[in-house]
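> Chains as they are written, first to last, in the numbering used here: chain A, 1 to 358; chain B, 1001 to 1290; chain C, 2001 to 2279; chain D, 3001 to 3159.
These are computed hints drawn from the structure, not numbers from a lab.
Bear in mind that the values here come from a model prediction, so they are computed numbers and not experimental data.
We put the beta carbon where it would ideally sit given N, CA and C, even for glycine.
Please note: incorrect hints may appear among the correct ones.
[Stated by the list, open to error] 25 Å max Cα-Cα, derived PhoX-like pairs, lysine-lysine:
#1 K294/A <-> K1009/B
#2 K1202/B <-> K2077/C
#3 K78/A <-> K2028/C
#4 K112/A <-> K2262/C
#5 K2159/C <-> K2077/C
[What the hints assert, rightly or not] Negatives, chain B to chain A, calculated, CB over 12 Å:
#6 P1032
#7 S1059
#8 Q1064
#9 D1130
#10 D1138
#11 G1142
#12 S1175
#13 V1181
#14 G1245
#15 P1282
[Claimed, not checked] For each label pair, taking beta carbons as the anchor points, the in silico distance ranges come out as:
#16 H119/A <-> L1290/B: 43 to 53 Å
#17 V20/A <-> E3153/D: 49 to 59 Å
#18 G313/A <-> Y2111/C: 25 to 35 Å
#19 L2089/C <-> E1160/B: 46 to 56 Å
#20 E2088/C <-> A1114/B: 51 to 61 Å
Here is how the chains run, residue by residue.
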Amino acid sequence: MTREMHISEPDLRVLAEDLVRGGTRLIGPARPPGKDGAVVYREVKGLDEIVLVGDPPARSLKEFFLPPTEVLFTYRQKQGDVELAPAPHVFPPQVVLGARPCDAAAVSVVDKVMDWDYHDELWFGRRQATTIVSVACSGGDASCFCTAVGLAPDVAKGSDVLLVPVEGGFHAEILTEKGEVFVAAHATRFAAGGRSEAAMAYRAAARGKAEANLRADPAKIRAFLESSFEHPIWEGIALRCHGCGACAFVCPTCHCFDIVDEAESVATGARRRNWDTCQAAKFTLHGSGHNPRKGQDCRIRQRLMHKFAIYPGRFQEILCTGCGRCVRICPGGMDLLEMLDRIGREPAAPGEAGRGAP
Amino acid sequence: MQELRELAKKLLLEGTVKVVIGYAEGRRGVLPIFAVTPGEAGRLIFDPRCVQNLATYLSPRREQVVALGRPAVVVKGCDARAVAGMIRESQRSRDDLVLIGVRCGGVLADPVSAVEVSEATVAARCPGCDARVPKHVDHLVGPLPPAPPGTSALDARIAELEALSPGERFAFWRSELEKCVRCNACREICPMCFCVRCVADKAQPQWIESSPHARGNFAWHMTRALHQAGRCAACGECERACPAGIPLNLLNRKIARVVAERFGYSASGDPESPAPIGTYRPEDGEEFIL
Amino acid sequence: MNGGNLYQPHLVRIDEIVDETVDTRTLKLTFKDPMLAASFDFKAGQFGEYSVFGSGECTFCIASAPTRKGYLECSFKKVGRVTAAMRELNVGDTMGFRGPYGNSFPLEKMYGKSLVFVAGGIGLAPVRCVIQNALDLRDRFKDVTIICGARSVGDLVYKRELDEWAARKDVKLWQTVDPGGETGGWRGEIGFVPAIVEKARPGAIDAFAVVCGPPIMIKFALPVLNGLGFKDDAIYTTLENRMKCGIGKCGRCNIGPVYVCKDGPVFTAAEIKGLPPEF
Amino acid sequence: MSEAASTSTETGQAGAIEPRIVAFVCNWCTYTGADLAGTSRIQMAPNVRVIRLPCTGRIDPVFIIKAFERGADGVIVSGCHPGDCHYLAGNYHARRRFTVFREIMSFLGIDQRRITFSWVSASEGRKWGDVVNEAVARVRALGPFVGYRSLVEKPNAGA
């Protein structure tokens, strides 16, 4: 159903203004207001704040669908009885303008686990309220490896509209029904457009750039992981890991969470859902003190297994977009790109492995 | 560099240590390595990109590192302060460690993109450092580079904050701490955060709200600052590890200054010096007590 | 669901509290919503998330049988924040319950066969659910053998049921306590559960075994059962990994590719032997 | 610290509500002193809830944080005078800890006037009355500490 159109940069600027004026929450990759600092996705007031093309923002889009902390319901106790008030799961409309395609793809990957028998109303409430307009990436930096996990700098997955930078504006692909509704609502801003050679060239160049970082065969990686639970590679890899979980928190697809109660007073409080990470020892710690994943090697293995074997086995999706955030953020120098490269070259049976050697 | 490598090889070959924890060139910048063979020791380096505080790997919580056997560790002056702290607090015995001190001219704020130390590239905590030659180490290698240029931007920033009204400071920290997602990177990377069970992980009672809202984050960072008072080695690793970019060094440095002014104490490389919290003097100031 | 979301529990009232041992307690719960109380259904082996508001949620199997309608029971030991709060509650207080979740013991598959139940300590809770269920449909099964043990006489749970089962002619009950755990008047066996299984020698032909208890008991009971002729796919047990959501989202209960909350908690010994050792 | 807290946060102006103050006091001196204040019928503002602990050394600063979280507008910490500690040095240790913690709170922008530290001995009933009355007056002037409680409200960046 893809339809191709064109939008000029001035028109995109007016479109953004229209959105904000119309009360739609506009989100885009931008620097913190009035400060230097890392680009993050945040609410903006206009196109000028948005960094349309560039490296992946420091944090992903997931916080707009699964916030770091959110109230599931509040409670009020009175004389042995309890009243519950659920958090609303209908949300006001919002538009992400300038999403990196990998981040848009991540959201659709996580859709799978959020709709597995049990439909997560809070996740899908936000999904429904959100239109994602991505801008094709120029190929990322040295830590990007989207093409190695079956995506691409210009991947359409998860986006409602994909913009590709061309001279003076953007080639626009309208990808979903939501995208059509969006374009229809701003019809005067878009012009007819067909195949664009410039857009094709931009996309090809970006793909080439990303491919150069890592060539890996996801099937081979999965086969290794499924056959190498006990393998000396894990201990060597884990040595320099601090077990902090910064990787999981910046990851666009890590979705594990904790559920906690927080009292506001003796009688009132809320149950919340908070981000959590399999890299923390506490994650699997039983009340008895027993911990099925005792060492950091087990936790690293779990992270890789979940992303490249378990999730693909369940949902036919790799739980990784190759955005490279975990590589950039890791204070211990853990490098997923390198690990994948190494695993990809590893025979599936246990073999020799050095300690902490990259 | 050669001096460091030769020393590491010798320590491994003669069996003095089983592993040398040091720095090596990685795919993107410098990485910690655990050299167990002389060959691996040949990869060791030290330069201004070596920002990591390797003392963290000496924590008894790092069971897999402990299992490698007696370590030698490459330490800068600030890292040596952390090692001293760990010894002072009975986490490691001095006899179990070989400390290879490296003379330091400051490290880089962004070790991935910058190479040379200059006023623009140096880590904010480095100018004015009094521990460029690590103390209480077993070996000292490398020439002493020139002192990092300029003055610390941290001091200027602290002064700015102190000049604000409480309400303005609260607003500043609220906007910073709102970003915290409670990944605990600040804690996990800290050589002095070696508690087997952190107060923030305790649930009975739950003193510190575990949710990453600003209120839980205030409780966490205030408590952490208190628990670090007089113990913090000022290595800046917590701020470097923070994926949200929270300026934790401001808080660390401010508290170090309070401890120095009030109790005449600053963290040093000497494991024998007593920690300021956990001891007292009857004549300590108490002008704030009615 | 409640007009709320997946994570919002139903309200239940505590109708009865039974102290099984010094540290183990059983709560009998009924749904406050009469419609739900009437319609609530589950299968033996399924679990739920029980909450104390202000303290949090905890995962337990449903210890009562689906054949006994109108209420559900859970048994717990005080180990953490939520179970400590649960011990503070009184009859008439309100709790939360989400569920039932997870798979169940395939009772239909066991129709016409003999059943052997092996339980240690509080592991009797999930087994009790199946026992009650099976005894309520007693004519559908051949022999029923129950072998259960605890560290000491005081640690035996469900004493009322044990007396009831002991009195039944159509149930063979073996009770045991660990050596040193016996009291003066103890008339049951003395020895570890696997040893008593060996002594009881339940027949493996046309039979299924259900085994729950501490990992060490399971570890030694399985080879004994195998030795008696029970095949791994005729032995059922449950796994208890830490959980939060109970519905396959929070990622906590993974054992290799398995989500205990969705693919379990009931597994055959054959399935467990195929899992990585992360439980 | 219960339901009234949530309603009191609505009012923003200073002096519009009765401030709620939590006093963490040591068992041996200040608690006895407060008792004396009561039996001596010393007039005191009724805004203070006293929590008795064995020693100021037992007062973990997280207690103060929790008090603000759950609706306190001000906190009093009080114990034995230096040299009078029932456990010899508990108050000296506490003094160091609170010296630092006060600075941490101040640097993070928590108004120091919300927290009162005092030494009140078993015989200083009058002094306890003054400490309470002054603390209540200071906090009343500052108004409710909505700022801290409401930190919970704005969801984390993004959401």
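> All the hints need checking, so say for each whether the structure fits it.
These are the hints, each one checked on the structure:
no.	hint	in the structure
1	K294/A <-> K1009/B	violated (33 Å)
2	K1202/B <-> K2077/C	holds (19 Å)
3	K78/A <-> K2028/C	holds (21 Å)
4	K112/A <-> K2262/C	holds (15 Å)
5	K2159/C <-> K2077/C	holds (16 Å)
6	P1032	violated (5 Å)
7	S1059	violated (10 Å)
8	Q1064	violated (6 Å)
9	D1130	holds (25 Å)
10	D1138	holds (22 Å)
11	G1142	holds (22 Å)
12	S1175	violated (9 Å)
13	V1181	violated (5 Å)
14	G1245	violated (6 Å)
15	P1282	holds (41 Å)
16	H119/A <-> L1290/B: 43 to 53 Å	violated (59 Å)
17	V20/A <-> E3153/D: 49 to 59 Å	violated (23 Å)
18	G313/A <-> Y2111/C: 25 to 35 Å	holds (33 Å)
19	L2089/C <-> E1160/B: 46 to 56 Å	holds (52 Å)
20	E2088/C <-> A1114/B: 51 to 61 Å	holds (58 Å)
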